[in-house]
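Starting from the known structure of chain A, fit chain B onto it as the hints suggest.
Keeping their order, the protein sequence lines are chains A and B.
1 is the number of the first residue of the first sequence in my numbering; add one for each residue after it.
1 is the number of the first residue of the second sequence in my numbering; add one for each residue after it.
Some hints could be false.
Chain B side only, calculated, beta carbon under 10 angstroms to chain A, not exhaustive [stated by the list, open to error]: (1) Gly174; (2) Val211; (3) Pro278; (4) Glu294.
I should point out that these hints are in silico values taken from the structure, not numbers from a laboratory.
Where a beta carbon is used, it is the ideal one built from N, C-alpha and C, also for glycine.
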Amino acid sequence: MPLLEVKDLGVRFTRREGAPVDAVQGVSFSLEAGRTLGIVGESGSGKSQTVMALLGLLAGNGRVSGTASYRGKNLLTMTEAELNRIRGDRIGMIFQDPMTSLNPFLTIERQMTETLQLHRKMPRREARRRAIETLESVRIPDAARRIGMYPHEFSGGMRQRVMIAMALLSEPEILIADEPTTALDVTVQAQIIELLRELNRERGTAIILITHDMGVVAGLCDDVMVMYAGQTVEQASAAALFAAPTHPYTLGLLNALPRLTDEDDDRPLQTIPGNPPLPGEVGAGCAFAPRCAFCSERCRESRPPLAAAEGYLDALRACHRPVAEIIEAQHA
Amino acid sequence: MNATPLANQNAATLLSVENLKVQFGVPRGGFPWSGKTTLRAVDGVSFDVRRGETVGLVGESGCGKSTLARAIVGLAPVASGSVRWLGDETVLPASTSSTTRDTSRLRRDVQMIFQDPLASLDPRMTIEQIVAEPLLTHGQNLARTDVQRRVLTMLERVGLNAQHLRRYPHEFSGGQCQRVGIARALIGEPQLVICDEPVSALDVSIQAQIVNLLRDLQRELSLSLLFVAHDLAVVKAISHRVLVMYLGRVMEFGDKRDVYRTPRHPYTRALLSAVPVPDPAVERARRHLLLRGEIASPLNPPSGCAFRTRCPDAIDACATQIPQPVTHGANATRVACIRVGHAPEEAPLANS
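So here's chain A without its partners, still in its complex pose (with noise of 0.2 angstroms):
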């Protein structure tokens, strides 16, 4: 049995004016223990809609359906109280921004110890022990005396390994991390990269990381799943979907990357043409029909269900044109 399974989950946002607006529509996927799933996409595309959905932490006007089991219980249907023995405990999370994501009134060992001290009922002076050596693994220096800093004291790349080490302080088995180097610099976002692959293969844990890099989710992730306008575009490992993607936005973003092995800088990039839709403007086609370049009739008529591609057996994509289309493209 999977870790956890996600089936058919939709994010609905009702607004005061107008239609509802379906940020996130049929997402389907599963991690097992130990494996790294990367959810890739543009902004605006519901890849942290998803997950919040999944933690609860939706906005107030926000309504989730579908299912998503952790070891077999619903996460959505929970109470609050038994979504908060999960949420913080067994699945950690990090947010994108190290500094508004601390409480800058506290010190780190107040938010530290806290989460120790509620979920495990840690008496103050282990629940302390425990958040300097968690501190000491994520590498912060002088731990012991920094514990007692306040969070403006810290520097970007320092803050995102407090957030993780706050993270990892209840071991869960699996970590969620949004979007956790993009207010970093690359040196620094290395290194948390690098710490983040160390926790999966030293301890185990299932890490999914959202993020609009392809360059960090190469380095780190197992699976990838793509996602464009709420959608689920293509789903595959992430050996796959880098040697073969089989969706044409998938092969849009990748070649639309300047690379640093590129030989010819002379060479216009690639490009998608247009702009990603709103929410609310998705028609009943295709999603991407409107910018992609092997659009056909039947891709502005109807929405392509998420299926196997023939051919690639571990890839799922949305798409009505044949795969060898796509990989052909690809290279020429």
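Chain B in isolation, oriented as in the chain A frame:
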């Protein structure tokens, strides 16, 4: 080599920056009598931009790259050093020798594109007013119909059209706002455009559109660009020469091909090594050159070489002297490191 023909080494120097220093006074303590200490945001930077070339300016946050860009257009206080325009006159610092006329010329010839595309457009102005404004401020006494015609031509050039003229910035996406920002920068026919992280806030698919647009415009109008960014792959795609900064100082400055293929400064090597490659086969086989810690505080920079506290190749001598830039190789790359050639050469990328 089929490099852009305009970007040859003999092209005239448009802008030359000589030993530029920008300093800010920051309070030392929480009280008015605590006194002030000096933050050296830019600490003795020299470089030049030739006609029709793109100079990429890279470095981590806090390295002074944006401050340097802003100082060139007079938006940050220059403590010492000079900014020369077309080789003949010192235009900055403006207070000393130059007249008002000199600065206004620089203002017209040098334009800027900002990072946050929406925040850099006045929300109460229509797109037409925003794009027309530089023509009106620089007092070229154009007829109204001329202004309208030029605004429309410019908008079409950046991929917008007449329908957008009467709209307001909030009606546009980030990529479209950046197109408006580019139109506003280019309408006065500047010679140099300073782009401060112009694509960092954009999604990948939009980012490629804007990079291509800037590159096309540059070739057509033989513009020079100073392209400030932290994304090394984007800088590689657009630049001819690259300047690597760390803690207010230049670490390496040279031809793009040299800097990316044979980085000489340990910091350049570390930066390139840290960029993740979007290919699992390559990325997982690579050995990353992980740096210790983070950039030091510019309030209290290390003695000697600014990078030595994180440098894998540092020796005792690095702490005693500030390394001066020395030229290396056929393309005269300037490298500020006393350890060049001593450290084990390791290509940061498996690049055939």
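Evaluation of the provided hints:
For B:Gly174, the interface hint holds, the least distance from its beta-carbon to any beta-carbon of chain A being 8 angstroms, beneath 10 angstroms. Below 10 angstroms, beta-carbon pairs count as interface contacts, and B:Val211 has one with chain A at about 6 angstroms; its hint therefore holds. This hint holds: B:Pro278 has a C-beta 4 angstroms from the nearest C-beta of chain A, less than the 10 angstroms allowed. Proximity of B:Glu294 to chain A holds as hinted, the smallest CB-CB distance being about 5 angstroms (cut-off 10 angstroms).
Checked against the numbered hints above, the structure violates none of them.
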